[in-house]
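S.K.: Okay, here's what each chain looks like letter by letter:
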Amino acid sequence: MKLFKNITILSLMSLSTLGLAQYTPQWTKAPQQLDLVDSQSLKSIAQPVNNEQQPVNFHYSLLGSQPLINNNQGYLAESKQYWLNTNAAKLSRGIELPVTSDLAVIRINPLNPSKYSKSLNQQSIMIKQFDQALNIEKFANTEQLKATGMPVSDYTVAMNVITQPGNLTLSIPGATKSLSKDDTFVVHVFEPNSDFVLQLKTSQQQYAANQAVKVNSQLISQQGAHNMTISGYITQPNGEKVADLNFQANKNGDYLASTDQLTGQSLSHGLWEIHTITSSEVNGLKVMRDVSTAFALSLPTARINPQITVNNHALKLGLDVAVAGRYEASGVLSGINAQGEKQPIAMLMSAAQLNKGQAALNLELPQDLIRQSGFKGPFVVDHINLKNQSLMVPVQQLNSGIQLTPLKKPIDQSDLR
Amino acid sequence: MKHKLGVLLCLLFLSTPLWANTGVAFVHGTGHQTNAASDYWTWSNINSIRQGLPNQSNYVVINCNFEKYMWDSAAAGCLAGQLTTFINQKNITDMVVITHSNGGNVMRWIMSNPTWDSRYPNIINKIRWVNALAPSSKGTPLANAVMQGNVFESVLGWILGYKSDAVRMQQTSWMSYYNSQYLYGTSGRPSLPKGFWNVVGSDVKSSPFSGNAYCGGYAQSVGLEITQNWLSSCSDGFLECSSQAGAGSTWFYDTSRTKSGRVLNHNQSRRNCFNLDTILRNDI
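Protein chains in written order, with the working numbering: chain A, 1 to 417; chain B, 1 to 284.
Chain B extracted, bound-state conformation (with noise of 0.2 Å):
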């Protein structure tokens, strides 16, 4: 917090003008959202972060398809062309980019790539910064696992398509490699253009006597007791705290900054769970 308040004060007097038409931008993760306001963050969600605007009405909710490569027209594409959209028709000046777990990825695309598409240097020069929610940044296991196997699983199945390149895409040594050669901000690479700030899940309560358990949903809980086997102790249940901490700097962790010190999972850190919501808005 020390850092992002050190940063801020600079942008402020060097950069910002005081005269900033300031935004922010939801994206979402791996999947294909068409109302992803409804259905990915909630209205509530939104609504309470957006109030941290001078102008609640700067806001954008990405709707994408993420299921493809991070590089995909339908991913980074889109995701370029309604930040440019929503920055030309607002006229912002100053953007926040609040993000969650793969959609960290197409962000970092954006930034560590300004040279693949004529619009992403505007959109970079634009940003503040990045709140990366739960970013799958080194991938995670979970995805290994329904990837890999033997040629008939992985080729046949390849083949016939069930499985998406998002999710092929966020295996391990998949990550490792595109760290290594196409994104930034990972040790000992170049850092991003921007600020790339993570909050990070630590752990699942799926006790149903457990207050942590329900906001967001209690629908994980069984599932979890067999997921977590692949995930190490410290995780929100579908990606370690190694990954989500990977690229960029870590603003904090759940336990830190939540109330009560409550932990959040991986859905509950795009959903206005246990004052996350109340923190991103006053960051705006």
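Bound-form chain A, shown alone (with noise of 0.2 Å):
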């Protein structure tokens, strides 16, 4: 009987060392302590774009994946175009339009189109350069451009223009007669065949609560970097401009600006863009190119804080929590091979409404894909990201992992009886 009943609990043990193992959590670096935001002081807390009230958990394998890359690396946009606000008054007597190659893409959109307006015609539009009229290659109306998902406004018109590096003068003579002379329009020219980019170059497109946006643009051929006169602004969210940015030049041909005094907000009007507005010579050739690119900025309304444990294969955090809402935790579980490599094995995410005060949000450890990998420990759970799920922003993004060491506990023989 006693050696059955031994039998029975060295059984049990063994089954519940393989079905529950447990781990030690232990921070392959403290995780920087973010200042949170006062939410007394936070000037524009959006409507909950998120209401959503259950806490839910989720997770799904990575097994077999490649390994994971830091996503938080800049932008380069690049641009071959120009924009131009006019009105009926200035297109009835002509406006100028550099280009620097064989073809413009010229597109004209009303922005006030009313009643009375009408749609601008191949026939209404004359396109001049050197004193010789140039010839439409191509015209489409708003319908024709709308037909390619093109998603151009009503009343727009597009043409393809054969031109040489020089000025055009774009002039509707007919303009404030069959429009009203304040009638605004944008004109737009793009010159696919240029040698002539405008670059703008984001440092990352995430940036911290108060780490500073630093911008970089260059205006390049194949001479190389060309000085050029530059002016650029900031846009939060909703659109409105919130800042202007002062370029500085360099040696190099970059123009270099920052900016610190941006504080973060919902996202769920948009993204943040940075505008820039450049115009050039170049061996007396005229070049004219405008830029825009897109950033968040994190709002901490909350912070990951040192406090981790494991529990019912279970990882912990704690949160300091500034502001009430839904927040969700992600992180990559990976196994460490033989060479010392990160494997992922399964991604980890767990979203739920936190109180003002102490909080935690639990990232459920998934057993069966952890004995799937064949990895024995330790773990790391890194990749950990932080949201604001309520406001639709990037709260915290940590440079630091969480190691997770198997418990083995020895059987003592004393346990028998």
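Hints were generated in silico from the structure; no laboratory data involved.
A hint or two may mislead.
Stated by the list, open to error - Here are a few chain A residues that face chain B, going by a calculated C-beta distance under 7 Å:
#, residue
1, 54
2, 130
3, 138
4, 144
5, 150
6, 244
7, 247
8, 250
9, 271
10, 294
11, 296
12, 324
Nothing here was measured: the structure is a model prediction, and the numbers come from that model.
Just so you know, even glycine gets a beta-carbon here, dropped at the ideal spot from N, CA and C.
Reassemble the complex: the two chains are provided individually, in unrelated frames, and hints are given to aid placement.
M.R.: Below is the structure:
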């Protein structure tokens, strides 16, 4: 009987060891401690964009995936185009459009069309260069442009014009007769064959709170970088301008600008943007280029604190919450192979409504996927992100991870009866 | 195709019971659809594709407002609601989702953010895979062209509200951000929880003498002479191939599978052109 009991206890303990592995968690590096927002002074907390109340946990297999890379890299925007504002009065007299190559794609977009506005037609538009009228090689109206999927607004027209480097004059001689003189337009010139490209590069696309937003711009051609006059500004997610950017030239032909004066806000209305307007004169040829690019700012309405525990196959992350809302924590669980390389096992995610103060989110550790991986430990949870789902805004992106070392409790003979 | 076959065999043996109740969902692109079956996909296309179902009534054609941002309740929220209703009403246990253009982004939002909405996990668990027809995974330069510019156009126009959230979102720098922080499936990022298989359209034929030009409508050929300037040589007239193949896995480029090796322009990839419907039917 005693032998039967011992065998039973040993069997049960063996099974429990296999099925209920526990881990000791340890930060690979202490998580950076953010300064949290002061909810009283937060200017623009938008209405919540997500009202889900139920906690949701989810994980899925990353077995066999390639190792992940740092995804917060900069973005290079390039442009061979520029935009100008004008009105019917100016168009009736003619406006100057500098071009630098053999083809100009010109789009005319009325901004405030009324029932009295008439669609522009090919015959009403005159384009001259060096006192010679140029043929409009291809012309498309709004319906024809929209049929391609290009999301132009009503009354927009566009045309291909064969040109030479130099200035064009675009005019609509009858504009003030058929349109109100205050009717406003955007004239957009795109030069697909031009050698001149305006580049705008951000150092990263997501910035932490109070981190300087740095941008770098160049006007380049096969001859290299060119001096230019450049101005820029930043718009917030709703499209409104919030700050000018002051670009400084350096000796490499780069123009650099930065600002650390931006305060994060909800991204429910979209992203922050940088817009630049440039002009240059290269060997007597005027070059105009504009370009825009998007980025995001984190909003530290909460932070992951150093408190971590593992219980019942879940990694519990401690949080300090400054603004109540729905938060998601996510991370990648990886094993470590014989070469010391991380191999992804699973994507871990957990979201819940959290009150202000101390809180926690639990990332479930999928035992089935860990068994399938064949790894025995230690494991790593990294690529840890905290997002505010109520405000559709990133909160924190950790550059540290958590090492999970499996516990192996030896069987104590005194445990047996 | 070989990879897809391997995935299907694994699913069949490991997770899909013999009694699976299979359904197909059609998810449209940018636009506010109220009758996508007729206006967006056409009934001849839908009726052809659903012949691949054991029970041909197990299909749903989504009608949502994809002028909104992908996370909006009118976009992904609406999509989740209609898919959930479909799953529950038809007892669907295995679902093939067919998306077109920006519909792929909305579907990828759901699959990348399963904790956003308590309905998402069940939807994801029921998905066999997504067949993404010409998805705008990395945006399009055409969105840049109409959205960018100086203060006057973009800000004033934006405040006037005549430009759509979805167009704004499909600018290439915007999709780069969302792909790096809120969407999975692009290079270097975690993969998606279920397969996302791209069908890539690689060219546009607009000559009136080309047999390729008429399926799906000939109207866009004049405009294409203009808009093609913004796109690389490999494009479907709206999206570059690199955007269509930017997330998930590429199932096939048009000419490798369509009848007579025809190309699929952006409109043709949502219609029963050049055997595409048969390919999708056989895939179910």
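S.K.: Let me make sure I understand: some of the numbered hints might not hold for this structure. Which ones are they, in numerical order?
M.R.: Violated hints: 2, 6, 7, 8, 12; rest satisfied.
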